[in-house]
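**Q** Here's the letter readout for the chains.
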Amino acid sequence: MKFKRNKTLDETVVSPSSSTPTNTSSSSTSSSKKRPSSVNSDFDVSNYAIVFEEMMDSKETRDLFYEYLQLNRSVESLMFMNQVEEYRAEYNKKFENVICGENVDKKQVHTKIVEIYSKARGILDQFVFQGGQFELNLAFANKDKIRELWETKVCESFEKLDKERLEVEKLSKIISMLETDTLFGLAMFSVNLDLRFDQFPRFSRSEMLMKFLESKGERFTRAIATDISKGFQLDIRFKPHHLQDSTIDDKFIYFGFTLAEDTPDWELTYSDKKNTCELYQSKTSYVFDTETLKGLRLSKVVTRVPYPIEEVWACFWNIDLHKVIDPMGGAETFKLMDYISPVSEAEGKPNYSNQQVSCCTKFPIPFMKKRDLPITMTAIRDPELNMIMVAGHTCSLIETREDCIPAQLMFYYMFYKVSDNETRFIHTVYTDLKLPLNPSLMLKVIMLKRAKDYKKGFEQQITRLRKEKSTKDGLMDTSQFVDAMKYNLAIEENTKLYPNRSWYNEWLQLREKRLSLNMSDAKSN
Amino acid sequence: MGNIVVSPHDKEGQHHMMATPTSNNPNGGSAATAKNKSEITVLLLGAGESGKSTLFKQVQFFHGVGITHDQERIELIEIVRLNVLENAKNLVAATQHLNIPIEQPENRETAKLIINSLNTNDLEDPSWSKRLYSLWKDAGIQKAYENREKFQLYDSTEYLFENLDRICSDKYVPTVVDVIRTRTKTIGITDMKFDVGDGKQLRLVDVGGQRNERRKWIHFFNTVDAVVFLTSLSEFDLNLYEDNGYWRVKESLRVFNEVVNNALFYKVPFVLLFNKRDLFEKKIATKSFSKYFSGFNEAEEKNPVACIEYMTKLFLNEITEHPLDTVSVKTLSAIDHDNSKQVFEEVKQFIMTQQHRE
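If you read the protein sequences in the order shown, they are chains A and B.
Under my numbering, the first residue of the first sequence is numbered 77, with each subsequent residue one higher.
Under my numbering, the first residue of the second sequence is numbered 2, with each subsequent residue one higher.
Please note that the accuracy of each hint is not assured.
[Stated by the list, open to error] When the alpha-carbon atoms are kept at most 30 angstroms apart in a straight line, the in silico BS3-like pairs for lysine-lysine are as follows:
1. A:Lys221 with B:Lys172
2. B:Lys186 with A:Lys135
3. A:Lys425 with B:Lys138
4. B:Lys251 with A:Lys327
5. B:Lys144 with A:Lys229
6. A:Lys287 with A:Lys399
7. A:Lys425 with B:Lys172
8. B:Lys38 with A:Lys327
9. B:Lys303 with A:Lys221
10. B:Lys201 with A:Lys287
11. A:Lys543 with A:Lys525
12. B:Lys138 with B:Lys38
13. B:Lys144 with B:Lys186
14. A:Lys287 with B:Lys186
15. B:Lys194 with A:Lys221
16. A:Lys195 with B:Lys172
17. A:Lys221 with B:Lys38
18. A:Lys525 with A:Lys411
19. A:Lys349 with A:Lys327
20. A:Lys548 with A:Lys525
21. B:Lys131 with A:Lys229
22. A:Lys287 with B:Lys194
23. A:Lys221 with B:Lys131
24. A:Lys287 with B:Lys131
25. A:Lys229 with B:Lys90
26. A:Lys221 with B:Lys151
Calculated directly from the structure, the hints in this document are not laboratory data.
Model, not experiment: these values are computed from the prediction.
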């Protein structure tokens, strides 16, 4: 058994960091499209740390893990999880369309209850109750809780059901008691924890997995693992508490650069013919706590707009234009609730300016409730790159609107000057919109529409406005625009707080430092 | 339940032996042919929380694998923090259960957050260091801690609370000691191999100790060359994790009896390690030892040597089949690096000598 990825200096292949951001998107297109799925000569499995959730989500790796657990005598944990998932599917199939009104076929519902009840009992007997064939390693208190719930609530109500005089209320009560998470949630949580912390760390270093990944190749590996050759710190994963805090910190801004950069982790899901409008989606979860943020998906829109940065930026900061360009993005409902000026070092802990915005997202899908997104954000201009970044995320600062479902989100809008007449616009979103049914597909549909909207919208608006009224340089006239969202004020005040600061350079240095750290770690092996 | 018998349904046993032919001796000839083997398999056995994995981690550490490297330990941040939270949760739950109020209002607030919403990621924020420490020092929590024999709590509780200022920081990297002191329940088995000279390799096997885990032990019994059995000295006032009404010492004695008298181990060198000596000495200073053992002279209960002697007799009395001259008894503090190194070296020597005698 291997306990450590045997990384030696020669083996550690580190791809050269892109020194300028201008090659981020253009190179990404080709790399994502043309990357061969077979073994790449640069591919080194030891550079990757496999992600537990991704491993469990992929059938092939989950099966391999099953095999590994069999050899290491703890397969009952995964057997249990598999059976509970089966149970969940069956339960949902049986009851998802059952609306317990008076005209429901009570006999039929009763039959379904009997079936699911016996399935539940079977799982509990085998895995949870004392003496079961595959008894799990559960704490006494947890076993006791589950047993009590089963015996005193489920069994009792079940036995009281009178087949001849079925009552809707009693039927629906027992259906809810047999719900998957109600019944198995506690055991699932504990088993998941044990697998994650005890067997998984060993599996992730096992020769078995290494060999498997080598045989599957780089593309497959990137889908379930993160590249750790650049260090853990830059591969910042998003944590739930980041969505509570109302402030934006340095780390959050650095993460914007990490996301904007091309890594093979991004999968190109759409590109127009000229590669001027692209949509990427990340396969890797960047979340540590998947219990509470499990629906988060990462998407990136990259467009090249053949106009100067000032004009493209103006189409964004003028909220009236932004609304027209990105109707799906919720800009229509953007409302600046508060603006807080930056805190300088002399005044206390330094802090970026803070725009607190309330926003509601509508969907093109009928009957879907709006999503409520109370947002905190700031805007900076990086003098080194001539780049503007708007960075923000949802926070718990503003109360949720009643007609909306609270959702979670973090986002970056970045405007890079490519040349005097070309701007690269990168928009990354990381969100859990609490979408029902196939959330990743829905998000893809929504994001694809937004990608096209931005590409088309910037060009249309700028052409239109230039025609309407242009300056003597032929640019559109922005003198009457109102900075309603205070984006420009934020930039101005942040620049005053940190004159000539280049976050991009800091980010590069941080990454290099991490790189050399890793190299020395590799050397010491 | 809990008996070490081959369950009839478990057919994977054979499958396992075939699938991982790490042993040269699949037919279970045991120590009879051991001296000719290039690999010596040593099994770490014992009930839950007796310290098997802690000793295993120490041995890994002496041999420069696993937790020696920063990168490896970074991956363990979450486990350490999870230990902190579990300890805090268990303590708060105990105050409710034992009806001991948490005294300070702000600590009650912290307790609420711990029970309802706090997760490992939150501990990155240094403000939690102060809050959790203040909770730890609350008179109510301390009183619950004094009564910790009444509920399940990790041995590392005090250590972790005293080190919160390091743990609650976004720059935190677990130290080797942190990793040694972190509790992870072992499920299934795990092993490591290292050279012991003479072209031989020692394969050390660590297993889970709770009742359901012990059903799996039988699968290794016929390929074992030596057994190291651990029992915790400090468990004399505790009940089981998997069965709250069951005294841990009784369980340890029962498991020891079943293992040591197993016919497969008749010729196998057997080491009995009384672990957690450090905790034990601290514990008997404040708690009565004789209260739990009617046959023990109360006047001697503050004398660790006398207590350990008594425990030794208790365990050795269980041996009915195994030849006593192939049994060695030692005490250990598995969390202490130097002590572990020394004791494990002695264990190794004992096993090697016994092998030569064959």
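**Q** Could you work out which earlier hints the structure fails to respect and list their numbers in ascending sequence?
**A** Hints 1, 4, 5, 6, 8, 9, 12, 15, 16, 17, 19, 20, 21, 23, 24 are the ones this structure does not satisfy, whereas the remaining hints hold.
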